[in-house]
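Engineer: Below, each chain spelled out in residue letters.
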Amino acid sequence: MAVYEHHYKPYTGPLSKAWSRFLVIPRYAYEDLFQLRFFIALYALSFVAPLIFTILIYLHHNVTALAVFQMDVASLIPVNGTFFEIFISLQLALAFLMTVIIGPVLISRDLANNGLPLYLCRPFTRTEYILGKMAVLGLLLSSFTWVPGLLLFLFQGYLAGGGWMIDNWWIGGAILAVCWTQIILLSMLAMAFSAWLKWRTAASAALFAIFIIPTPIGLAIEEIFRTRLGHLFNPGMAIAQLTRHLFRTFGSTEYILSFGESWLVCLGYALVALWMLSRKLRAYEVIS
Amino acid sequence: MIFAKIKTSLIGLTSVDRASLSLWRCQILAILRIELSKNFWGRRAMLLYLLALVPVVILFLLAIVDPDGASDISRDWNSSQQAFVNIFDALILRSVVFFGSTWIFMNLFRGEVVDRSLHYYFLAPLRREVLVAAKYIAGMVAAAVLFSFSTLGSIFFLYYARGYPANIDFLLDGGGWQQILAYEAITLLACLGYGAIFMFIGLFFRNPIIPGLVVYGWEWINFLLPPLLKKISIIHYLESHLPIPVDEGPFATIVAPTAVWISVPSLLIFTGLVLTLTAIRIRRMEIRYGME
Chain A
1 MAVYEHHYKP YTGPLSKAWS RFLVIPRYAY EDLFQLRFFI ALYALSFVAP
51 LIFTILIYLH HNVTALAVFQ MDVASLIPVN GTFFEIFISL QLALAFLMTV
101 IIGPVLISRD LANNGLPLYL CRPFTRTEYI LGKMAVLGLL LSSFTWVPGL
151 LLFLFQGYLA GGGWMIDNWW IGGAILAVCW TQIILLSMLA MAFSAWLKWR
201 TAASAALFAI FIIPTPIGLA IEEIFRTRLG HLFNPGMAIA QLTRHLFRTF
251 GSTEYILSFG ESWLVCLGYA LVALWMLSRK LRAYEVIS
Chain B
1 MIFAKIKTSL IGLTSVDRAS LSLWRCQILA ILRIELSKNF WGRRAMLLYL
51 LALVPVVILF LLAIVDPDGA SDISRDWNSS QQAFVNIFDA LILRSVVFFG
101 STWIFMNLFR GEVVDRSLHY YFLAPLRREV LVAAKYIAGM VAAAVLFSFS
151 TLGSIFFLYY ARGYPANIDF LLDGGGWQQI LAYEAITLLA CLGYGAIFMF
201 IGLFFRNPII PGLVVYGWEW INFLLPPLLK KISIIHYLES HLPIPVDEGP
251 FATIVAPTAV WISVPSLLIF TGLVLTLTAI RIRRMEIRYG ME
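In order, the protein sequences belong to chains A and B.
Residue numbers for the first sequence follow this note's numbering, so the first one is 1 and each next one is one higher.
Residue numbers for the second sequence follow this note's numbering, so the first one is 1 and each next one is one higher.
This is chain B alone, in the form it adopts within the complex:
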């Protein structure tokens, strides 16, 4: 009898859960459709396309336009790879992905407040946590697509300069695929980590630029920080997986790179925590458009 009751309640609970999960999935998909069109086709997206194009254009100029560029790359492939990793670290990760994520994820909520449209979401029969999840996924998809193509485009032009046979050898026998996958994975992890931080900042601060400045400064001085403080940053975990180590200069504090099995789960846990905090915050959020 007792078992039957438990069984009934469990079955009941499961079906309720299943129903709400299905509802949430539908709601997330609906919000995703709206947000993705905003993120890819809205006026605010123009800046992102320009930003994502910067490294691609620079490498295009080197490989195609510069008469000596292609031969320089072919002649000294090791130096070219070292130069590329420096560009990837300083330009793609620390500038393009950082500022791009800032723009995408801060706009998710702050942009709605400025457009005076957030109340439409809040008035809909929708859990606010679901809204946070949907918006974060939409931002993540936009950032991942744009910046992955930016990284891939830059790598393409670096490889293009070497010609077909040399590239095939390098890709198949020289570990080229692993390098490309590593660069792509780092870009995605950067979008994941910075995205969570900037969505959080965008919800907590009316003018998110000052906290954004603080995060930017912290990430830039990371090479100077003592080992323990280095670990309280996103860039340390990203740089740990670069296929070729970056030379951080004579003043840098040398720290062993964090292993993949520590850094990737750490970033995921961190993202989860930040999203949880964002969800808690949005539950108590009241809209006051007049303050903007």
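Just chain A, same shape as in the assembly:
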């Protein structure tokens, strides 16, 4: 065919449905991620705790097994709010570690290689782009946090019977609320740092620092000024306190941040991250 006969032809193949376009991003991201042996090992490790906790629940209700092992698991490890809180805290710690590994490269590569216009020149909005990038972390972290958490809750409800699930419905709610809060907060902070810092190590360090450094600062302020206000800048503390409030493992006055303050801290950080993202995620940056 002669060169002059080449002209623009619009794409005529099937289009993905508009609502599900953001899922294209996680699909390709997972293809890359699951080629890393270290990541696969870490992902496999994240299912060890669900397995152990399932066995504990099973042993709790299996009289024969208890007799064989000659132990009283039922009184030793009661299946209550604390039991599920420990499980969720373990899984969320792994979620944090995984976010530190995956999160910082989510957006930085697109920005560093001027790839963002390639997304945004298609029928794909900035919101869908952010949703897609969030889904990479959201779907992955969900698979070993609230999904096995709820399965454990259902398993316990099934084995305990007699309205256990109705009496303890708040545990299921707490699993969902805590996991989703942490997943959304982690994803947004990881993306914001990824967009602003571009260098993976710096973005990982920032994510790590924002959850760790405020703790000693808050404790120092508490020791000196006898006020808990120093912890209002600590998202890690907010999540930890929220977890304890929702799983009802607090005494009446022993909390550091109240329920409302914990939500406020999480919301504040999420809004700041959203603002950071909206500032950086543009197809073209005009430098004056």
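Hints are all accurate, no fakes.
Taking lysine-lysine and the DSS-like style, the derived pairs with C-alpha atoms no more than 30 Å apart in a straight line are:
{"hint": "1", "chain 1": "A", "residue 1": "K198", "chain 2": "A", "residue 2": "K280"}
{"hint": "2", "chain 1": "A", "residue 1": "K280", "chain 2": "B", "residue 2": "K38"}
{"hint": "3", "chain 1": "A", "residue 1": "K198", "chain 2": "B", "residue 2": "K38"}
{"hint": "4", "chain 1": "A", "residue 1": "K280", "chain 2": "A", "residue 2": "K17"}
Reference excerpt, derived from the structure (chain B facing chain A, CB under 8 Å, subset only):
{"hint": "5", "residue": "I58"}
{"hint": "6", "residue": "I87"}
{"hint": "7", "residue": "S95"}
Derived by calculation from the structure, the hints in this document are not laboratory data.
Given the structure is predicted, the values throughout are model-derived calculations rather than measurements.
A virtual CB, placed ideally from N, CA and C, is assigned to each residue, including glycine.
Given the coordinates of chain A, work out where chain B should sit on it, guided by the hints.
Structural biologist: What follows is chain B alone, placed relative to chain A:
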């Protein structure tokens, strides 16, 4: 005749050594100039200034802004000192110096790789071991200056609250100078030890955050560790020299502090070993910017 030959060869060797030492000194000074300007004035240094200011600002607020702060410090000086040692341990040593050293020393090589400028050093007629030494000294100077001022600033505001006469008495007769020197020396030793570890990690790992996390976790759980494992950490040797012992809580394993004549040489030997390993590593290092 034989003695003359030996003498000649020795003189020859010495002059060669002297020449190379002088060359290395010049090269180290040249690299120091570049690195120090990066460490103090680069964009990446802003974070360090903020970090170093945190304890100073907290103590400034206590001593100057808080209306009851100064009188509380003056009234109960012993409790104030105990509170300060807790802040020094948890905030300055374990957070500010730890994270600051992480940032400074990991950036020495990893930052060059990210900026795609390491090959300029590698293409220069310069021994890579000299490069390691120069970069380490530059990092050490930056960390020492920043965090020493951070410690000194915090101590200044603690003392300021007591007023002039009480401080003069304490400094001259109450062992105040020894305390200040001890805090400063501990800060410098922390920069020395953590600096070596993080420069090593920065060269060996493409994403140094995970090993950094491991080191951080290890240093934090140090109080729980059995005596033998406690000694495989930096913080144990640093805490051994605190002028006032830190209360590590009811779950802590009690271990006698290590004597100065053991802990300081141990830290120096450890730093030397880590730097040697870093030098061996950098000799075989190939740059692949595309992997970043």
